[in-house]
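**Q** Below, each chain spelled out in residue letters.
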Amino acid sequence: MNPDRLPGPIAGVMDRLVDASAGERLVVSVAALITAILLGGIVTLVAGVFAECSTPMLGTFCYNPLAVYRYLFLAPLFDSFVLQETLKNSALLLFTGLAVAVSFRAGLFNIGTQGQLVLGALAAALAAVWVGPAAPSGPVGGALIAVVAMVAGAVVGGLYAAIPGALKAYADANEVITTIMLNFVASDVAFFLVSAYFQKPGSGSVETRDVPAAARFGPEIALVMAVALTLLITYLLWGTAFGYDLRTAGIQPDAADYAGVDAKRMVVTSMTLSGMIGGLGGAVWVLMSVGRWVNGVPSLGFDGITVSVLASNNPLGVLFAGPLFGSMQAGSLSIDFQLGVPRQLVGVIRGLVILLVAMPEFFRTLGVRWGMGGGR
Amino acid sequence: MSAPAVDLRRITKQFPGVLANDEVDLTVERGSVHALLGENGAGKTTLMNVLYGLYQPTDGTVVVDGEERTFDSPRDAIDAGIGMIHQHFMLVEPMTVTQNVVLGDEPRKWGGLAVDREAAREAVAELADRYGFDVDPEATVGDLSVGERQRIEILKALYRGADILILDEPTAVLTPQEVEELFDVFDELTEAGKTIIFISHKLREVTAAADEVTVLRDGQNVGTVETSGVDDTELAEMMVGREVLFDTQKSPIEAGSIGLAARGLAVEDDRGVRAVDGVDIEVAEGEVFGIAGVDGNGQSELVEAITGLRTPVEGRVYLGDEEVTHASRRDRIESGMAYVPEDRQARGLVMSYDLTENGLLGSQRAPQFADGGRIRWNDAAAHAESIVEEYDVRPADASATAESLSGGNQQKFIVGREFARDPDAVVASHPTRGVDVGSVEFIHDRLLELREDGAAVLLVSSKLDEVRSLSDRLGVMHDGELVAVVDPAEITEEQLGLLMAGEEPDDVPRASRRNGGER
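In the order they appear, the protein sequences are chains A and B. Per my numbering: the first sequence = residues 2 to 377. Per my numbering: the second sequence = residues 483 to 1001.
A portion of the hints provided could be inaccurate.
[Said to hold, decoys possible] Listed next, with one range per pair, are the computed distances between beta-carbon atoms:
{"no.": "1", "chain 1": "B", "residue 1": "Pro589", "chain 2": "A", "residue 2": "Val186", "range": "48 to 54 Å"}
{"no.": "2", "chain 1": "A", "residue 1": "Val228", "chain 2": "B", "residue 2": "Arg876", "range": "39 to 45 Å"}
{"no.": "3", "chain 1": "B", "residue 1": "Glu872", "chain 2": "A", "residue 2": "Ile11", "range": "40 to 46 Å"}
{"no.": "4", "chain 1": "A", "residue 1": "Ile11", "chain 2": "B", "residue 2": "Ala971", "range": "42 to 48 Å"}
{"no.": "5", "chain 1": "A", "residue 1": "Ala32", "chain 2": "B", "residue 2": "Pro877", "range": "29 to 35 Å"}
{"no.": "6", "chain 1": "A", "residue 1": "Ala52", "chain 2": "B", "residue 2": "Ser886", "range": "41 to 47 Å"}
{"no.": "7", "chain 1": "A", "residue 1": "Gly24", "chain 2": "B", "residue 2": "Ala485", "range": "50 to 56 Å"}
If you are wondering where the hints come from, they were derived from the structure by calculation, not from laboratory data. Quick reminder that beta carbons are idealized off the backbone N, C-alpha and C, glycines included.
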């Protein structure tokens, strides 16, 4: 992309963004958040005009933006259900956000975290069910089953991501297209496998048997694992030769070639690593959230893309973006049944927050990639 | 007397770290064909982008038809009658010729609500007819040849009322036959009073097609001459230029065994065209083998094949006794090959990394800096600091990012890093490009030190004085072939110029193949 083809005003703004200092970027982010809150408030008010309710505020407005925001941002503090949901969402989004961030760092747009997570979750559930009877009883046995399940999830997620990696490296197939397509394949294959072979007897929905209760854990343990994994990935990226190769291949592929990085192998390896983290997320979803694989896996993989972009693809940034996104998601559930504000409207507000906060950083990243800024 | 069509006065364009244009004057007469000649990176395209409103000049004035103008965007330049045809065409392939030509400027009907296809077709047909273009307005662009597509681009510019046409390396993508046709189009256009400026680094095309030629070198206007009164050799000399000749002290040393060799090497460029065709080179240990030539005659592809960035289609590469034709970059680095790449900002440095990280580029897995894959950042930082100090890189700060350094300092850092590998073989592409005079001498001395330590050095440079003073033997490349291997001490600049232009001068002092470093 030649930035000189951009219209002047847009190029100017992008140059300015690229040149912005850390302080300025923080100010931009805060300003974006405030703008998003104001805009979302207006949307809420206007939507309330068209809604039906018994006691409209000021006789016109059905929805109170302040109440909505109180729930959206602060609900975990006063609502224990929302707190639990927040913790669970945060942990899962840390896994998927990290998975996406690793691939983006390597210059690969892995949109397939969802599919890798779905298959990883299935592998984890099946492994736990299979190993369950053989494991000793008690917490040690439970931990053993959990470890086996998570390894299975990581392996299957990694292998499934290796497919688009290999397709890109050796057949020049764009990974955005292949990973999106493989998401559908993953859902349908999982659905078929479970309904044909692993169906829980007597259940009306498509789901596997329950994993042994001893193998399950709460969100606190999941969070600890997620944070530990974040630190591990951070070290891997910035402390090791492998991470150096991966980052160089992502930022400047020509320089990576020059430095002796095997570009094809790096594509496959980094996709596999990304898929392993996604698959691990799937295992955690099974063990922590549902206790079995059940059809209709939430869109954790796609939300991971948002989390990663919000965090500028920085693993440490994911530590903040994941919980922010997770708590808003949990909050929107309770807004629905506490305030009667439809979930879809809350989705709009959440989208506004993400969009406005993420976009300056997103365009800055693009600008850096296109070599803008610096008084060009 | 009418004002010149284009009059650029003291145009300066400063990019971060690069002075792309340095007070360039350019006057182009109405109705003439004017060529802009220079090597890659001489500032030709930048200058034309300034004229076309893509860049704002840092300093200087743009005068078009005697009127001083400021172009904020190409839109302003188009309104002033300037059209530019870029090297990469901007055409919509599934659409017809007519649709492409009028795109964004369609004739309207029904009060501007609909495109008047009939009027558009007539306008395009009329335009093509007037300038003798043989194109079918209804043809789909995707079905057309490259030469035809180029004519569609020219039609696009003419449709928008261009009187001055800028073409960026128009012949680069054409077959020789299509080049002839393009030059016929030039004639038609100038007869109709249009003015043409085209960018090229091919001498023969410039003398064949242009009335006048302006040569740019390192962002400066070296001179403007009429093509009728100049020959290829003089132009080649103007392009590569003469630098202050340093009295480099070169001690005679024993020629060792072969340290680096290419045998029957054939390499294709990105377009699949054979850029290197049957090149044989043997560089002895303790020898500097220079390669001179006008840029774009296969030097880049040759270097990439030797260093492992490009797979040759034929022939073999040897490092010492070992064949490395298909060895990976990593293997070559670990076997002791240092490489100063031509493109420092794309390959030689990761621009957003700091110097500590950049100092590792290529040796990120070397035991010096990493054990078992874990990088020892303290050692890496110390390494970067020692390069910075020894090569006088400014700012002297290992935590500065590469992009914050000027081009010359970036180059010094790369050279320092590569020479610090204690290499057995060195491939240096334009090692002193953009480097200040004092540092040039320093880099030359280091290079000769490596030679004395017994490294086989392959030096590619477009600076004639550099290759002549440093090389033990000097190969000249033209059109993908090594046309001669000469004795750099005996050859005259004129003979070198002729060889570079593909001529065959008399009494060339050939260098015998294995007399290596005996001088």
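**Q** Work down the list of hints and note, for each, if the structure agrees.
**A** So, going through the hints one by one against the coordinates:
{"no.": "1", "hint": "B/Pro589 <-> A/Val186: 48 to 54 Å", "verdict": "holds, 49 Å"}
{"no.": "2", "hint": "A/Val228 <-> B/Arg876: 39 to 45 Å", "verdict": "holds, 42 Å"}
{"no.": "3", "hint": "B/Glu872 <-> A/Ile11: 40 to 46 Å", "verdict": "holds, 44 Å"}
{"no.": "4", "hint": "A/Ile11 <-> B/Ala971: 42 to 48 Å", "verdict": "violated, 57 Å"}
{"no.": "5", "hint": "A/Ala32 <-> B/Pro877: 29 to 35 Å", "verdict": "holds, 33 Å"}
{"no.": "6", "hint": "A/Ala52 <-> B/Ser886: 41 to 47 Å", "verdict": "violated, 55 Å"}
{"no.": "7", "hint": "A/Gly24 <-> B/Ala485: 50 to 56 Å", "verdict": "holds, 51 Å"}
Hints 4 and 6 from the earlier list are contradicted by this structure; the remaining hints agree with it.
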